[in-house]
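Positions in the sequence shown are counted from 1; adding 961 to them yields this note's numbering.
To be clear, the hints were calculated from the coordinates, so they are not data collected in a lab.
Just so you know, nobody snuck in bad clues.
Cut-off 27 Å, straight-line C-alpha distance, at most; resulting in silico cross-link-like pairs (DSS-like, lysine-lysine): (1) Lys1028 to Lys1072; (2) Lys1072 to Lys968; (3) Lys1075 to Lys968; (4) Lys968 to Lys1028; (5) Lys1072 to Lys1224; (6) Lys1224 to Lys1075; (7) Lys1224 to Lys1181.
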Amino acid sequence: MSIDVWKGWIGRTESRTEVLDPGSLRRFAAAVGEDLDVERVQPSLAHWAFFLPVAPADGLGEDGHPKRGGFLPPVTLPRRMFAAADMSFDGTLTLGAPATRVSTVTDVALKSGKSGDLVLVSVEHRIMQDGAERVVERQTIVYRDAGAPTPPVAASDPAPQGDVVWVPNTVDLFRFSAATSNSHRIHYDLPYATAEEGYPGLVVHGPFTAARLFGHARRKGALSAFSFRAMAPMFCGQPIMLRDAAEGVEAVRCDGAVAMQAKYSL
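Based on the sequences and whatever the hints tell you, model everything.
Here it is, written out as structure tokens:
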């Protein structure tokens, strides 16, 4: 493994400026099941509707992600996941006006897990508008070996309880992929997800679940900070329980496994 080479990406920065289009945010709101009147109330994690990845068809890898290299290090481990994020908010984004996102690779680390070696890439995004810093997000992207196939999820008896029961379907996954320009094939290509990546079904996007948990949390008021950590994959067509937890909110699979934990501040 070329961890020393990949560490050379630490400190790499890119900056993008774009006008925050209300139509893009409206499509994102529809995908996460929230109010379409985005000028009145912005949806959960609204900044994810902007600064989307763009790559030509010949710039995509076999998995549907943009080919590696460029801003992110060219990690050779085959599997990639958006594992965690920690974000803070100061005010709301102004639609129809320009904003700038500055992204920095802050760390590249090699660790060992149950499935073998892991490479953790930490990225910080700062979104500025009107001279003020509106959003700071620190993401952790994990790369790992293919490993053994993921076993199917069997419903527990009794079924776990939740404040909200969410059953994402194929249309939901397609709409979220489209709204976030996410072309990873595990979310829409069932033969690829099962035969190539070893999942028992289409995988629900971690950010999709995070947005649903954010919406669940903000019933109590506007959030100034939010963080989440993915712990287990979730699959299309299977119930996901969204519920309050001792230190925040969580998403629980039908087998009782906690698949995502989130914390927040009002």
